[in-house]
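Protein chains in written order, with the numbering used here: chain A, 1 to 259; chain B, 1 to 375.
Worth double-checking, as some hints may not be accurate.
Negatives, chain A to chain B, calculated, CB over 12 Å [as the list claims (entries may be wrong)]:
#	residue
1	Ala48
2	Arg67
3	Asp124
4	Lys253
Straight-line distance between alpha carbons at most 35 Å, and here's what the computed DSBU-like set of lysine-lysine pairs gives [stated by the list, open to error]:
#	chain 1	residue 1	chain 2	residue 2
5	A	Lys253	B	Lys323
6	B	Lys249	B	Lys323
7	B	Lys323	A	Lys219
8	A	Lys127	A	Lys100
9	A	Lys49	A	Lys219
10	A	Lys49	A	Lys253
11	B	Lys69	A	Lys219
12	A	Lys127	B	Lys323
13	A	Lys127	A	Lys253
14	A	Lys255	B	Lys249
15	A	Lys219	A	Lys255
16	A	Lys253	A	Lys219
17	A	Lys100	A	Lys219
18	A	Lys219	B	Lys249
19	A	Lys49	A	Lys127
Simulated from the structure, these hints should not be mistaken for lab results. Keep in mind it's a predicted model, so treat the numbers as computed, not measured. Glycine residues also receive a C-beta, built at the ideal position from the N, C-alpha and C atoms.
One letter stands for each residue in the lines below.
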Amino acid sequence: MVSVAIHKFSSCDGCQLAFLNAGQDLITLSNMVEIVNFAEAGIVDTRAKADIAFVEGSISTPEDLERISDIRHNSNYLITIGACATAGGLQALRNLANGKEWIADIYATADTISALPTSTPISDHVKVDLELWGCPVSTRQVFTAIRSLLFDVLPRDEHDKLCLECKRQGVSCVMVTQGIPCMGPVTRTGCGALCPRHGRDCYACYGPAENPNTDALGKRFAGLGLVSGQIAARFHFINSASPDFRQAGLNWKDKGNDG
Amino acid sequence: MSQDTDQTRLDYLDRPQFQSLLDVLQDAGFRCVGPQVSDHAIVFEEISYVGQLPTGMVDRQGPGRYTLKDTGTGRFFYWVSGPQALKPHLFLPREVLWQVDRDDDGKLHFSSACGQPQGVAFIGVRSCDLAALDLLDRHFLQGDYVDSAYQSRRQQIFIIAVNCARSAETCFCHSTGDGPQVRGGGYDLLLSELDEGFIITSGSSKGDEILVRLPLRASTNQQHEQVRQELVSAEQQQRSLPSTDLNEKLMSQLEHPRWDDLQERCLSCGNCTAVCPTCFCHSEIDHPGLNGMTSEHIREWDSCFTSGHSYIHGHVLRDDTRKRYRQWLTHKLATWHDQYQRSGCVGCGRCITWCPVGIDLTEEVAVICGGDAHG
Ligand code: SF4
Ligand code: SF4
Ligand code: SF4
Ligand code: SF4
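Chain A on its own, in the form it takes in the complex (with noise of 0.2 Å):
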């Protein structure tokens, strides 16, 4: 029986969800494979060795770096679901400044913390084989995936933009009918539109799609009426230590520099 273990590093536990919140399919699954690893359900075993392992939560402290290459070594297949195991997620901002000196204005004894000086994802540190972005990711992501290596088949990279969902879905866009700065354009499709159905903009969650052209969308929301440091603030939110978003935001931050 194939074996899949589900690790957590520095998160929220949230997209762990994707798995308890399946319903009659994590019945199906339980049933399939055999789970060896996978604390929040209670089956805890963190050395297990397992044929597919998702893991959760970014590098963000000592401990993190010993335990990922453990179980890169233990796994056969690795895949990082969410944000912050793709990409450092939201706690990866304090790249962006001086992590330590956060700590210690916030905390009374910040000397008996121990974090790394950065939040980074799983891919800097081990060979990661599949990245599901989003935070959360769904159960569909998660699922399609193990469907898919159960077959022997690898996994369909989702990586379009959110807007060809959203017109999909039959919104009517939020940036043109209201000039609301909307991340869809840059960002990766996978979770159906789900801010703009609502009738808001999309802030990113999912990460950047193929082919981010994020200069002219900044541009678009300098037209809108954002201030540079605002703009940089779009790109600088949940996925703000993957490449493109990084970039962007910090040429829009010098911007506000120049004046």
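Following the hints, complete the assembly by docking chain B with the ligands onto the known chain A.
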């Protein structure tokens, strides 16, 4: 009765009687789909009573901009267009084409997922929409491979077209020869709207059957004259294409520097192709059930702005936006002629309005075909 009526010409429906049209259609078994205001735009959704129509609404359109305004008039069709019209109802954004089941012996059983759709009456279809429908028909229904999913829906529809009393700022159908007046056929009923009512004519035997059941009276020559005048004013459009056949011109400009400029501005987001009423590109994916005993084969809208569109065995042919935009424009306006004997553009202006960064193909064509190499 005034002197200029022609009593043999029963073609006028008073505005307060418009509900009777919906009632008769529903009584004839049609589900009515018509314009409504939803999410700040005019969209085509199911309607059953007149109160759901966008009374008095007009659309203000520009590159990357769409707003609605209530003019306070009683007109139902004073707006021009929304993001979509017929396309998503005939060529569905996503649909299961077939399904396969594995039985206990491991044998596979394939079955079509196409159902028997109910008749749909579309109310408020424009001249450009009819021209686009004709193009979709050429693509999906002609030649050796008829698309049965499209065909089953296409055969069930009843079209109530409407002449445009005004044009949007983004319209250029007059220069493509596709509007604003409905000429030729393609509809079952045709409306021309006036303040107090509608001149209504039939274009098919199905249309005749509905028409005879409506409480019509004779129209006046003055009413016909007013319709004519509004159509003439709707023809005064701000945008145009230089020719209905740009095949040679565009194909001789494949290295024009303007394509590089477009690479800088275009988001490669595919909104233009999704709203274009003639774009038909799609991709197909399989969605297996978790237990591996069933699988669905799904077709969904794709676009020449995705990398998958030109992916061939480990290689993406159009790997940058320059090539993707060039593919879009040269297919739509040039090589479409080789494929379907006319341009793929009906001048609806949707790609201009719904482009998040307001790229205007009429402007791009003017530069690329106009010899102004530095744009
Ligand atoms: S609402 Fe956002 S995601 Fe949807 S089409 Fe507009 S820009 Fe794209
Ligand atoms: S619309 Fe954007 S922010 Fe909202 S769920 Fe989807 S990717 Fe995330
Ligand atoms: S190319 Fe643009 S203007 Fe022409 S039919 Fe398509 S959406 Fe309309
Ligand atoms: S032309 Fe506009 S709508 Fe079309 S892909 Fe480019 S940015 Fe998107």
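Quickly compare the C-alpha distance for A/Lys49 and A/Lys219 to 35 Å and report which way the hint goes.
-> At roughly 49 Å apart (the allowed maximum being 35 Å), A/Lys219 and A/Lys49 break the hint.
Within a Cα-Cα threshold of 35 Å, do A/Lys127 and B/Lys323 meet the stated pairing?
-> OK: A/Lys127 and B/Lys323 at ~33 Å, within 35 Å.
Is the Cβ of A/Ala48 farther than 12 Å from every Cβ of chain B?
-> 22 Å, holds
For the pair supplied as a hint, A/Lys253 and A/Lys219, is the alpha-carbon distance within the 35 Å limit?
-> 13 Å, holds
Does A/Lys127 pair with A/Lys253 here, judged by a C-alpha cut-off of 35 Å?
-> 32 Å, holds
Assess, step by step, whether the Cα of A/Lys219 is no farther than 35 Å from the Cα of A/Lys255, and give holds or violated.
-> At roughly 12 Å apart (the allowed maximum being 35 Å), A/Lys255 and A/Lys219 satisfy the hint.
Decide if the proposed pair is consistent with the structure: A/Lys49 and A/Lys127, CA atoms, cutoff 35 Å inclusive.
-> Roughly 16 Å between the alpha carbons, so the hint for A/Lys49 and A/Lys127 holds.
Mind checking the alpha carbons of A/Lys219 and B/Lys249 for me, to see if they're no more than 35 Å apart?
-> Satisfied, since the Cα-Cα distance of roughly 32 Å is no more than 35 Å.
Quick one, are A/Lys127 and A/Lys100 close enough, alpha carbons at most 35 Å?
-> 28 Å, holds
35 Å limit on alpha-carbon distance, applied to hinted pair A/Lys255 and B/Lys249 | 41 Å, violated
Would A/Lys253 pass as off the interface with chain B, using Cβ distances and a cut of 12 Å?
-> 21 Å, holds
Taking the closest pair, is the beta carbon of A/Arg67 still more than 12 Å from chain B?
-> 29 Å, holds
When held up to the earlier numbered hints, the structure conflicts with 9, 10, 14 and fits the remainder.
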